[in-house]
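Chemist: So the chains spell out like this:
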Amino acid sequence: MTPATSRTERATTYAVLVVFAVIAVFPLLAVASQALGLPHPSAAAFTGAWRKGHFARYLTNSLIVVTVVVIAASALSVLAGYALGTMEFRGATVLFYVFLAGLMVPTEAIVVPLYFDLRSVGLDNTLPGLMLPQIAQSVSFGIFWMRAYFRSAPRALIEASRMDGASSWTTLWRVLLPVGRPAILTMIVLIAMWTWNEFLLALVIMNSNEDLRTAPLGLSIFQGEHQTEYQMLMAAALIVAAPVVLVYVFLQRHFIAGMLSGALKD
Amino acid sequence: MKPPATRTRPAADRTQGRPAGARPPGEPRRVAYLYVLPALLVYAAFLLWPLLHGAYLSLFHWDGLSVGTWAGLGNYTQAISDPHLRGTFWHAAVLVFFYAVLPCCIAFLLVAVMSRSRPRGLTFFRTVLFLPQVVAMVAVAVAWQWIYSEHGPVNGTLRLVGLGGLARGWLGDFTWALPSVGLIGTWAEIGLAMVLFLAGVQKIPRELYEAARVDGAGAVREFFAVTLPGLRRELSVALTLTIIAALRNFDLIYLTTGGGPGDATRVPAYEVYNRTFNTGEVGLACAIGIMIAVVVFAVTAGVGRLVEGRS
Numbered sequence: 195m196t197p198a199t200s201r202t203e204r205a206t207t208y209a210v211l212v213v214f215a216v217i218a219v220f221p222l223l224a225v226a227s228q229a230l231g232l233p234h235p236s237a238a239a240f241t242g243a244w245r246k247g248h249f250a251r252y253l254t255n256s257l258i259v260v261t262v263v264v265i266a267a268s269a270l271s272v273l274a275g276y277a278l279g280t281m282e283f284r285g286a287t288v289l290f291y292v293f294l295a296g297l298m299v300p301t302e303a304i305v306v307p308l309y310f311d312l313r314s315v316g317l318d319n320t321l322p323g324l325m326l327p328q329i330a331q332s333v334s335f336g337i338f339w340m341r342a343y344f345r346s347a348p349r350a351l352i353e354a355s356r357m358d359g360a361s362s363w364t365t366l367w368r369v370l371l372p373v374g375r376p377a378i379l380t381m382i383v384l385i386a387m388w389t390w391n392e393f394l395l396a397l398v399i400m401n402s403n404e405d406l407r408t409a410p411l412g413l414s415i416f417q418g419e420h421q422t423e424y425q426m427l428m429a430a431a432l433i434v435a436a437p438v439v440l441v442y443v444f445l446q447r448h449f450i451a452g453m454l455s456g457a458l459k460d
Numbered sequence: 311m312k313p314p315a316t317r318t319r320p321a322a323d324r325t326q327g328r329p330a331g332a333r334p335p336g337e338p339r340r341v342a343y344l345y346v347l348p349a350l351l352v353y354a355a356f357l358l359w360p361l362l363h364g365a366y367l368s369l370f371h372w373d374g375l376s377v378g379t380w381a382g383l384g385n386y387t388q389a390i391s392d393p394h395l396r397g398t399f400w401h402a403a404v405l406v407f408f409y410a411v412l413p414c415c416i417a418f419l420l421v422a423v424m425s426r427s428r429p430r431g432l433t434f435f436r437t438v439l440f441l442p443q444v445v446a447m448v449a450v451a452v453a454w455q456w457i458y459s460e461h462g463p464v465n466g467t468l469r470l471v472g473l474g475g476l477a478r479g480w481l482g483d484f485t486w487a488l489p490s491v492g493l494i495g496t497w498a499e500i501g502l503a504m505v506l507f508l509a510g511v512q513k514i515p516r517e518l519y520e521a522a523r524v525d526g527a528g529a530v531r532e533f534f535a536v537t538l539p540g541l542r543r544e545l546s547v548a549l550t551l552t553i554i555a556a557l558r559n560f561d562l563i564y565l566t567t568g569g570g571p572g573d574a575t576r577v578p579a580y581e582v583y584n585r586t587f588n589t590g591e592v593g594l595a596c597a598i599g600i601m602i603a604v605v606v607f608a609v610t611a612g613v614g615r616l617v618e619g620r621s
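Top to bottom, those sequences are chains A and B.
Add 194 to the 1-based position in the first sequence for this note's numbering, that's all there is to it.
Add 310 to the 1-based position in the second sequence for this note's numbering, that's all there is to it.
Source of the hints: derived by calculation from the structure; they are not laboratory data.
Glycine residues also receive a C-beta, built at the ideal position from the N, C-alpha and C atoms.
Check each hint, because a few of them may be wrong.
Unchecked claim - One side only, chain A facing chain B, incomplete, derived with CB under 8 Å: (1) A238; (2) A274; (3) Q331; (4) F444.
From just these sequences and the hints, can you work out the full model?
Modeler: In C-alpha cells form, the structure reads like this:
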C-alpha cells in the first residue's frame, strides 16, 4: 500500500463519517435551535411547554415507573439468570428458551389482550398496571443478559466459594455480584431506556387517567393540542428525550454493547 | 437476537466419582427453582398469558363489549384476503425496504470504501451515529413532522434551489407519505448498521486485504472476496434488528400520520390498535398481532440462516 492511497482512504473515511454524523444529529440540532428560538435565544418555549404540557407531573410519573421497573426487573433477572447460568436442574434449558422467546414477542401481539386482562382486574389506568407488563418484558432481556454473564464468570470462583461452605445466596451476593457490576449496569441502562421511551403500552393502559400519563404519552397529547406551535412542541420533545440522551452520552458503551448483543455472541 | 447454541452439561460430568446424593456443600439443587420462580411468575402472568389469551381471542368475532362468536381462522383469512388489510402488509414490506434494505446497503458500501485501520475519534462517531436509536420515538416523530411540514427545512431547501414546485406537506401527500415515513426509518437505522459494520470490518485480518491486492484484485473483487464474507455475521444481525424495527413501528405511524392520508400509511402494527379501539374488531386485531409475532419469529430464525448459511 502506498502512503498516497492510504491518505486518500483516510480522507474518504473521515468524509463518510462526518457526513453521516451530521445526518444523524441534524434533526436533533434543528429541534434544539427551534426550541431555543435561535438566533434570539430564549427559554420561553420551555417554560410555556413545561406549564401547558404538565410535564412536571408526567416526568415524575415516568421516573416512578422507570425506577420501579428497573429495580424489580433487575432483581428478578439476576436471581433467575444466576440459577440458569450456574446451576444444573431439570428443565433449565426449557425455562431459558421460554424466557428468551419473550425477546421476540412484539408489544403489538400482547397489548390488546393485556388491556382486557388488566381492565378485568382493575389494573388499567394504574401505575402497577403499566409497570408489571414492562417488568415481564424486561426480564426476558435481563435473564438472557445475566445468564450470559454468570456463565462467563470463572468457574473456579464459584467452586472456591462453595468449598468454603458458602451458600448459593452468599456466593451470588458476595462473590459474583461485585464482579458483575459492568454487566448489571448495562442491563439497568437498557431497561431504563426501554421503559422511559415506551409509548404503546402507556397509550393503551393509561387511556383515561390523565394524572398518570408518562412523559412520552404526555408529549403525544401535547402535540395533538398544539399542532403547529412548533417552537413549544420542539421544547417539549427535548424535555422528554433529554434524560435518556444525557445518560447515553456518559454510558454509550453500555447502550451499544447491550443493544447489539446478538452480534457479540458466537 | 439469537439463542446461543449451548446445552447444559450433563450432570454426570460434575458428579463423577462422587457417591450419589453427596454433593459438595452449597451445591444447589432444588433451590434453583426458588431463584427462577419470581421472574417466572411475573413473566407468565404479564407476557405469556396475554400472548396465549391473544391467540385465543383471535379465534372469535368480538367487539370488546358483547359476547363473542366463534370465528375459527376467519380473522386470519380476512387479514389475508381483505384488500385493505392486505394493503397494510404491502406497506410493511415497503417499510422493510426503507428500514432495513436501504440502510444496510448504504452502510455496507460506505464501510467498504473506508480504510481498514481504526480511524481516530471512532468512539465519538460511533456515539453520534447510534444516537437515533436511543431517542424516544415520540420525540423523533415530533421533530420529523416539523421537518416535513409546509414551511419545514425540506420544502425550504427545495425552494432555495429553485424546485419550489415540488414543495408539499410530505406526510399528507397520498404518494409521498409512505416513503417519507420510511426515510425516517432509514435515518434511524443507518447508524445502527454502520456501527455494526465498522466494528466487524476491523476484525477482518489485514493480511486478507493485502493478499487480495498482491493478487491484483480491484476494489470490486476485494469487496466480494474479502469484505462481504468477513461481515456476514454483522450483516445478518443488522438485517434482523432493522427488519424487526420496521414491523414494530406503531409509535412512528400513530404519531406522524395516524395511518393517513386515507390509508396510505396504514401498517399491521397500527391496525392492531385501530381495529381494537376505533372499529371494535378485537378478534381481528388479535389475529394481526399474532401474525406480526409470527413474522418477527420467522425473521429472527431465518435471516441468520439465509445470510450466514448456517443450518
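Chemist: Could you run down the list of hints and mark each one as holding or not?
Modeler: Now for the hints, and whether the structure bears them out:
no.: 1; hint: A238; verdict: violated, 18 Å
no.: 2; hint: A274; verdict: holds, 4 Å
no.: 3; hint: Q331; verdict: holds, 6 Å
no.: 4; hint: F444; verdict: violated, 10 Å
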